[in-house]
Amino acid sequence: MATMNAVQALNLALSEEMERDKDVVVLGEDVGKNGGVFRVTEGLYDRFGPERVMDMPLAETGIVGAAIGMAFYGLKPVVEMQFMGFIYAAVEHLFSHAARIRTRSRGRFTASLVVRTPYGAGVKALEHHSESAEALFCHMPGLKVVVPSSPLTAKGLLLSAIRDPDPVLFLEPTRLYRMLKEEVPEIDYTVPLGKARIVREGTDVTLIAWGSMLQRAMKAVEGFNTEVIDLLTLSPLDEETVLQSVKKTGRVVIVHEAPSMCGLGAELSALIAEFAMLHLKAPILRVTSYDVVLPLPKLEAYYLPSIEKIRKAIETVLQY
Amino acid sequence: MATMNAVQALNLALSEEMERDKDVVVLGEDVGKNGGVFRVTEGLYDRFGPERVMDMPLAETGIVGAAIGMAFYGLKPVVEMQFMGFIYAAVEHLFSHAARIRTRSRGRFTASLVVRTPYGAGVKALEHHSESAEALFCHMPGLKVVVPSSPLTAKGLLLSAIRDPDPVLFLEPTRLYRMLKEEVPEIDYTVPLGKARIVREGTDVTLIAWGSMLQRAMKAVEGFNTEVIDLLTLSPLDEETVLQSVKKTGRVVIVHEAPSMCGLGAELSALIAEFAMLHLKAPILRVTSYDVVLPLPKLEAYYLPSIEKIRKAIETVLQY
Amino acid sequence: MPEQIVEPLIKRLAVLDEKGNETVTPAPSLTDEELKRMYELLVLARTFDQRALTLQREGRLGTYPSILGQEASQLGSALASEKGDWLFPSYRESGVYIALGFPLHMLLQYWAGDERGMRVPEGMNVLPVCIPVGTQIPHAVGAAMAAKYRKDRAAAIVYFGDGGSSRGDFHEGMNMAGVFKLPVVFLCQNNQWAISVPRDRQTASKTIAQKAVAYGFEGIQVDGNDFLAVYKATRDAMAKAKEGGGPTLIECVTYRMSDHTTADDASRYRPKEETEKWKARDPLLRMRLYLEKKGLWTEAYQKDAEAHATAMVDEAQKNAESVAAPDPKDMFTYTYAGLTQRQAREIKDF
Amino acid sequence: MPEQIVEPLIKRLAVLDEKGNETVTPAPSLTDEELKRMYELLVLARTFDQRALTLQREGRLGTYPSILGQEASQLGSALASEKGDWLFPSYRESGVYIALGFPLHMLLQYWAGDERGMRVPEGMNVLPVCIPVGTQIPHAVGAAMAAKYRKDRAAAIVYFGDGGSSRGDFHEGMNMAGVFKLPVVFLCQNNQWAISVPRDRQTASKTIAQKAVAYGFEGIQVDGNDFLAVYKATRDAMAKAKEGGGPTLIECVTYRMSDHTTADDASRYRPKEETEKWKARDPLLRMRLYLEKKGLWTEAYQKDAEAHATAMVDEAQKNAESVAAPDPKDMFTYTYAGLTQRQAREIKDF
Ligand SMILES: Cc1ncc(C[n+]2csc(CCOP(=O)(O)OP(=O)(O)O)c2C)c(N)n1
Ligand SMILES: Cc1ncc(C[n+]2csc(CCOP(=O)(O)OP(=O)(O)O)c2C)c(N)n1
Ligand SMILES: [Mg+2]
Ligand SMILES: [Mg+2]
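Residue numbers (the numbering used here), protein chains in the order written: chain E, 1 to 320; chain A, 1 to 320; chain B, 1 to 350; chain X, 1 to 350.
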């Protein structure tokens, strides 16, 4: 067991799985000799060669489109999208093909592939390098969306994602890449898709977060008797875990980095407002970024949900 | 005043506005001689010539990208996207540029343009011809999303959309194109963006719908004392109108054609669960299509929210 | 006085002239039996296509895109594929499915709005109908990458139209195929129209074939109404692909004789004379004249071929129309490999 | 024996050799004063660029992409534009902004993470930095359509890299420009690398210039480290564009002397010798040798030019660093023309 950060844990998952399964191939921009701009694919090119670790021309539509074709053929492509801000060019292939080929062919063809991408703000990056657009992909039936929140979950979820028969969008919180270190077993373990985890038990409030916001949420709940749910898989949602917790606590705070309007927080709130309404003691609060275009670094700190704002939301629901 | 259907009303809006404002140009696939596959641009090519009614090569990314460039220059492009299922290739230009150029340039450049597209199922069409993906665009700050529900609102909203300083996605319910006829004034009137309308007053339940589902909702409420809100603009939301109604009725049913997961219904529910919770008498119900890949015509009728399902939801909330 | 550095050449291939005579290019070596089988498939494709139009008019199919006039491009290329090859059709490729022996009743079932028609039989490497124009191109490129990675002796053919060549997918896919020297054949049916947009408003290049110059591999123009030319060009390109020679772009110059689909009315935008002119270039007629010259065609043979085709299509129609209605639960079954928690709740409605 | 039907030719243009001597192509007609002004702008661009790198290392700027080695391509082309023309840069175009007289302190402000740096002065038709590779291409095409529609005597220039040529945006934009014969110049700075991906893994075509063949207009390759060649090619292409002669693709063959950006380490993937080799082709050196031969350059002149450039950049830095912090409310002010109901609630946090 070694202590490692998320970049190392993801790298380990990839190299272990490539060792185990010859069908797994990696493709993207700068994933070869350069090892990816965040070094998640470091060393894979030397170890597995250019046929399995493919530097592609700069063309996100085509990269994801080609990965889909590979998956039709029977390979298990793992695409690296350099930043989530550049995934928009690939939305058509993800929505119209990856998500639908199983339906279209009644199961004869599938698109078992993973698109990995760093996401989220807070690293003082250029425009388009800080997107948190998970809700868009959660709205499309046929896609799965997964977000680890630590090195341990990163490795276990990536292995599950690669082995999953459906297309998975795998979001890696940029801010956490090197922030936390954790013991990560160098054995084959998985964290199952579709299962949320309760990171902290509590009885007064249910706080729901994921990925980039989990650390902040954990700091914010200090001193409160708050249950914290780390979703891990955003779509399909683990509704049972959420509803069970809310029925216990009766109060809900949802934290995410995307703007509130039509974010995943809205879905969680709606789910609760339909199926746990009678257990609620307070309004359901969302703590999100503002409903504005993502600012450049000088204003970034004002944009993101702060620990203080999360604490205030908890205090507010506790007043009921 | 003439009686006309939505296609005619939209056509009238376009030709009137092109007459008034030389900066308005129309571009898209088959919008010229063919007058658009639904004939919304019929006659414009003959009247205004190929310089203003431009048949473009088959390239949705480039069409919307070019429209953005025209808007930078000072024109007011109105793009016809042939079906909403083909807009995904243009998502990057809408999200990364149309929505952000005002922020990026601190107001020096803007993207005042309209992308019109038929949307919605129920016309027994081919795959990808029945999308209802409005929620995706509502999640992106900087874009506006507008949906008429009748010939009268179609004309008035389209005129507002063209004159709006921000980029507007204008969704035309395919099913309603020729279904309803209405008196539509041949004068310059507008329906303001950002304002919902109460189509029917009531005291027991607030039913929220838009576009393609409004007619069905209106049939479903017969015999109930239900208030019906037609959103008209989906983003930015007219939160005041929604909250005011809910505070009066205490019960909510939201109807939409998209799948439930992260649909706009979730946002409405979350809005209410945060700001009108204490007035609620019942869980907030969403009546939506199922969370599955859109089926082909043979199963389409099972997919869409039926009048009966809407009625059942009303009855359910009335039980509280 | 700038220096000249690149001088690519684009060629046009034809085997038969409009009267079915061999031109300078020798015909591909095919036995009499093979030639007759191929001609019979052309007849079958046309019979099927005409039936589909009839069924649509009777309200028994949904929107349908006719292949009339494009049979040689479709069957000539698809018949040049071998078992193990992968085919990526667009939506106007009934002829490709028919060439591969795809069950005819399933084709009808699909166009009647039933996904089960596109459950491609195991072992047949053809993808379902792809509606978003051009998007199938990168898929074929990916499959070719996979074939190369697995060292399979297989190549991919991808079908698209003149309109499809305008999409970014075409560019990105072609470019990747060039960079990786992939076993893939890009088969453009330039049928002169993309709904109402004529070929010269789609691109200013003199040919579609010359677009291959941008990607460093060969592009060739072929008379797309000449079955033998299409067959030869595709067979050669597929062989080259499998030998590691990389991709080829084949432009089949052909014509969409019908409306775009049954939902379209071409008389709104297309001069009638143009269509008339192309009638003389009918691909079935040309093949028939060729067979006749070779002593392989008689009136009786034609009648037989037509009767056989009609019987097959009758049978297909009967089978398609007697299939039980799909189960609404299928919507849930095929969205993911398993049901989600939400779907498990929703499916109870049925 | 297929028939040959298309024979496009791609040419390469150079005015000066590496020693600053005129080659066969005559130099564009520029007065001595103009030549000196242009050289001084090259010096300014390099001074600015080096300062930006220093500031970044000191933590006073964010990620910054150096233009070292590409100054001739950027300034040579931008200086060939006229008032009323529209320019569409990517993210690596400090030289373009500088050529147009964009306020230097605003450039620094932008790269320090402040949107206000990209509030382009009124009357200056240059777009803000565009980060998503290639996406600026259709924008330029749209602007050219607008110029044509308005009958303005204006053309657009759009900048992108070898990497950018792989994107669908390039294809769709080029194709539309060809179809509508638009007044737009596509200026590709082929600097041999797209981060770590070398030019020959980006596309298999021998040149980027030949990609114009796919769209029916002219493509030309230019020595991108030869200021006069770039200037001449762009000026001619812009003139042609305004005369209604349609678009041109110009490939400037140049080299990215630095890391991709300050966040990159090129030693991980790029042979040192390659960079060394290109040092001899420094675009400023070449222009200097040319001026020297014309008797326009002296050591003292060089010192003056550098001192003047340094003073301007000092001033810019001072101005940039003394600007007050942006108001968080700006986030709301510029998302839409007006506040939404939700924003009106949210902005109360400030
Ligand atoms: C991405 C996309 N945009 C628009 C359409 C609507 N549409 C269907 S076919 C067609 C024209 C296609 O022309 P072409 O590629 O030449 O193929 P053809 O129909 O001639 O076979 C259009 C615009 C579509 N299916 N997909
Ligand atoms: C659409 C998109 N994909 C990926 C990136 C990340 N990225 C930034 S620059 C770059 C390489 C660009 O190479 P090239 O076009 O040759 O321009 P250069 O950097 O050499 O000037 C990449 C991959 C991006 N900015 N946009
Ligand atoms: Mg066509
Ligand atoms: Mg480059």
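Check the hints yourself; a few may be wrong.
[Unchecked claim] Below, simulated DSS-like cross-link-like pairs (lysine-lysine); rule was C-alpha separation at most 30 Å, straight line:
id : chain 1 : residue 1 : chain 2 : residue 2
1  : X       : Lys348    : B       : Lys181
2  : A       : Lys22     : X       : Lys19
3  : X       : Lys19     : X       : Lys36
4  : A       : Lys195    : A       : Lys281
5  : E       : Lys33     : X       : Lys206
6  : B       : Lys148    : B       : Lys83
7  : B       : Lys272    : B       : Lys206
8  : B       : Lys19     : B       : Lys148
9  : X       : Lys151    : A       : Lys22
10 : A       : Lys195    : E       : Lys248
11 : X       : Lys348    : A       : Lys195
12 : B       : Lys272    : X       : Lys329
For the record, the hints were derived by calculation from the structure and aren't laboratory data.
A quick look at each hint next to the structure:
{"no.": "1", "hint": "X:Lys348 to B:Lys181", "in the structure": "violated (58 Å)"}
{"no.": "2", "hint": "A:Lys22 to X:Lys19", "in the structure": "violated (54 Å)"}
{"no.": "3", "hint": "X:Lys19 to X:Lys36", "in the structure": "holds (18 Å)"}
{"no.": "4", "hint": "A:Lys195 to A:Lys281", "in the structure": "holds (26 Å)"}
{"no.": "5", "hint": "E:Lys33 to X:Lys206", "in the structure": "holds (24 Å)"}
{"no.": "6", "hint": "B:Lys148 to B:Lys83", "in the structure": "holds (16 Å)"}
{"no.": "7", "hint": "B:Lys272 to B:Lys206", "in the structure": "holds (24 Å)"}
{"no.": "8", "hint": "B:Lys19 to B:Lys148", "in the structure": "violated (41 Å)"}
{"no.": "9", "hint": "X:Lys151 to A:Lys22", "in the structure": "holds (13 Å)"}
{"no.": "10", "hint": "A:Lys195 to E:Lys248", "in the structure": "violated (39 Å)"}
{"no.": "11", "hint": "X:Lys348 to A:Lys195", "in the structure": "holds (22 Å)"}
{"no.": "12", "hint": "B:Lys272 to X:Lys329", "in the structure": "violated (62 Å)"}
Checked against the numbered hints above, the structure breaks hints 1, 2, 8, 10, 12 and satisfies the rest.
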